[in-house]
Amino acid sequence: MKGIVFTEFLEMVEETHSIDRVDSIIAEAAPPHGGAYTAVGTYPAQEMGALVGALARQSGTPAPELLRSFGTHIFGRFSTLYPGFFTGVTDTFDFLERIESVIHIEVLKLYPDAELPTVLAERTGPGRLRVTYRSPRCMADFAEGLIEGAAAHFGDDITIARSLPRGAAAPELVFSLARAE
Amino acid sequence: MAEGTGRAEEATWLARLERERSARKTAERLLETKARELFLRNRELAEAAATLETRVAERTAELQTALAAADAAVKARLAFLAMVSHELRTPLNSILGGLGLVQETRLDAESCRHLALVRGSADALLRLIDDILDLARMESGAVAVEPSVFDGRSLLVDAVESLRPAAVAKGLALDLRCEGLEQPWLSSDAGRIRQVLLNLVSNALKFTEDGGVLVVARLQSQPQEASFSDDSPPEAVPGQAAGQVLEVTVTDTGPGLSEADLARLFQPFVRAGKAGRDRLTGTGLGLAISQRIIETLGGTIGLDSVPGQGTTFRFHIPVAPASAPAPEPALPLQAGVARTGRLLVVDDIATNSLVAAAHLRRAGHEVDVATSGEEALEAAGLKAYDIIFMDLLMPGMDGLEATVLLRQQPGPKPRILGLTASVLGEVRQDCRRVGMDDVLAKPITGPMLLAATERWLARPAEPALIPPAVPASVPPAAPALVPPAAPVTPAATAPPPSPGPGSPRPGP
Ligand code: HEM
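For the record, the sequence lines run as chains P and X.
Counting from 1, position 117 in the first sequence corresponds to residue 117 in full-length UniProt numbering; the numbering is continuous, with no gaps.
Counting from 1, position 436 in the second sequence corresponds to residue 436 in full-length UniProt numbering; the numbering is continuous, with no gaps.
Simulated from the structure, these hints should not be mistaken for lab results.
These figures come from a predicted structure and were not determined experimentally.
Glycine is no exception: its CB is placed at the ideal position from the N, C-alpha and C atoms.
Any given hint could be a false lead.
Calculated pairs, BS3-like style, for lysine-lysine (alpha carbon to alpha carbon, straight line, at most 25 Å) [claimed, not checked]: (1) X:Lys413 to X:Lys383; (2) P:Lys109 to P:Lys2; (3) P:Lys2 to X:Lys383; (4) X:Lys34 to P:Lys109; (5) X:Lys25 to P:Lys109; (6) X:Lys25 to P:Lys2.
Here are the simulated distance ranges between beta carbons [as the list claims (entries may be wrong)]: (7) X:Ala11 to P:Leu164: 41 to 47 Å; (8) X:Leu30 to P:Ser24: 26 to 32 Å; (9) P:Arg128 to X:Glu18: 47 to 53 Å; (10) P:Gly155 to X:Ala11: 43 to 49 Å; (11) P:Asp20 to X:Arg21: 16 to 22 Å; (12) P:Ala161 to X:Ala35: 44 to 50 Å; (13) X:Thr54 to P:Ala39: 16 to 22 Å; (14) P:Ala161 to X:Leu30: 38 to 44 Å.
All chains should be built: construct the whole structure from the sequences, respecting the hints.
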């Protein structure tokens, strides 16, 4: 997993909790490099699980909840870091349709060793979009957070229904999105 | 305690600082590794590009060499063929000349018949040699169109009439219809068109036993719808704004051709119907050559045939209409009164010069013989000749060189007529360039020599060296040159002697 996910996560923890919390979850997760993450490095995905698990234990917030809010947070960061991906796109559905065909492809140009999920978007009716998420890393909660982040970014009022209960780890699941009129 | 807290806090911050520094160093190492990877990759790419360039250059050079080799091979083959053709023509020329002389002596009927057979075979052999060289030149693309202004109607009439004896001998009708040729002056390669006409008409006569052959020529401003689908007339040639199309059909009432024959007909040496050996003689190279000629002239050729009913060959060629050339000044020819002159025949092959001299002496001319360029110069220094017949290819000083030197000599200018077995247009140009008045194509026949002598004696010698108003492509003794009062027998001109019914000639 790319270092940017770790550095963004730790920065979020520092912002929403404290720098001490950053120290303590690193201490608990005990990664071999002492938590010296750099955005351009690559680390095992399990380290992410360990960090999120430590934060859940220490803060009392469930891990799925943490991952989801991290998704929302990082989407905001992406909009600052990569404004190019947003030009000409004005709405959540359009943006989600571009993840697989444009955005994650651009990501691979920056990070050739990135491990990206498959995110397929399909219009199922007026104001409706079905997003199929597929990844061996089973980070559906993170994906949901990202979708929520997108909706917030574009100012769309969207309800998300999952075909598997929140927190259930599965390599593939479906988000049914409905835009409120 | 406050101090302890302070130190502990400092230690925490130091640990964080250390974490950040370590992260930075990791990032820096990563970037260095990446930079190095990029550098290596770049170098690889540059090397690949360079190798690619050298490989492309090498391959290009290889291809150029191969092309040059192929080109050289074609040229060598052509040169070889030209050489062989020359080597074959030279003895054949002597044979034909000797035969001509013998034929003019008193012979009993049987010898006459035998001689005619020998003559026919020798003619056929000569024609075949010409055809092989002609085809080879055309296939190697060495044939250039030599456009000239000519009278299309006369060309058609002459070609058809030259084959009338063959038609008469077989009891066949032979008709020519011209449409749209009221203003007959055209510009194209007259010699080549004549060649095709002779090929097609003599073929048609050969394959027809009953009925006859009809030749129809039409000059059209707009290409007409062709009557068969795969052979539409050519579009007007670009650059020939007022282009016209000459369409010629040659229709016979012969046996016709099967589908299978049709497909192979234009290939060299293919003969119609294996079983028809007794009835049909081969078409030899004639059709293959005709097709190449028509294509070279930018036209199309095709045919319709119904087995049992006959065959129609049809060709279209783009021609440019032309205005009549300035009429030739009337020659001060004393009709009927044969003039005699002082002539010199130069040829290294004694048989040739003896045969030629015999023909000329019989007509009352005063004839000397030289066997080399040097001898010719010497002879010309001693006597003022009216005409010098000059063989081109001789050991030592050749005909061209001798002509150059002769032209430098002061005094009256003799007519110099080249004799060559070469059929190449360049050779003709060389002859004119060095100052020859005309070129006669071997084999030189008696009538041909006499006609040329008569013609050139009739012309005032000075000023001599305006090139005759004859297109280079037209054989020297072509009808256009011949004063109306003195028609040359067709046999002396380019058309092949008409084949007799039993003639074993392999066709035009
Ligand atoms: C500008 C927008 C986005 C950018 C720049 C971006 C970039 C990235 C990057 C760099 C990763 C890390 C890959 C790795 O660790 O090897 C990632 C992972 C991921 N992305 Fe995106 N992404 C964007 C939007 C989204 C959105 C809208 C979704 C919503 C479905 C999404 C779903 C995911 C998921 C679920 C992962 C985690 C890896 C996995 O599940 O296999 N991304 N993305």
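Consistency of the hints with the structure:
no.	hint	result
1	X:Lys413 to X:Lys383	holds (11 Å)
2	P:Lys109 to P:Lys2	holds (13 Å)
3	P:Lys2 to X:Lys383	violated (110 Å)
4	X:Lys34 to P:Lys109	holds (14 Å)
5	X:Lys25 to P:Lys109	holds (23 Å)
6	X:Lys25 to P:Lys2	holds (17 Å)
7	X:Ala11 to P:Leu164: 41 to 47 Å	holds (46 Å)
8	X:Leu30 to P:Ser24: 26 to 32 Å	holds (27 Å)
9	P:Arg128 to X:Glu18: 47 to 53 Å	holds (52 Å)
10	P:Gly155 to X:Ala11: 43 to 49 Å	holds (46 Å)
11	P:Asp20 to X:Arg21: 16 to 22 Å	holds (20 Å)
12	P:Ala161 to X:Ala35: 44 to 50 Å	holds (48 Å)
13	X:Thr54 to P:Ala39: 16 to 22 Å	violated (43 Å)
14	P:Ala161 to X:Leu30: 38 to 44 Å	holds (41 Å)
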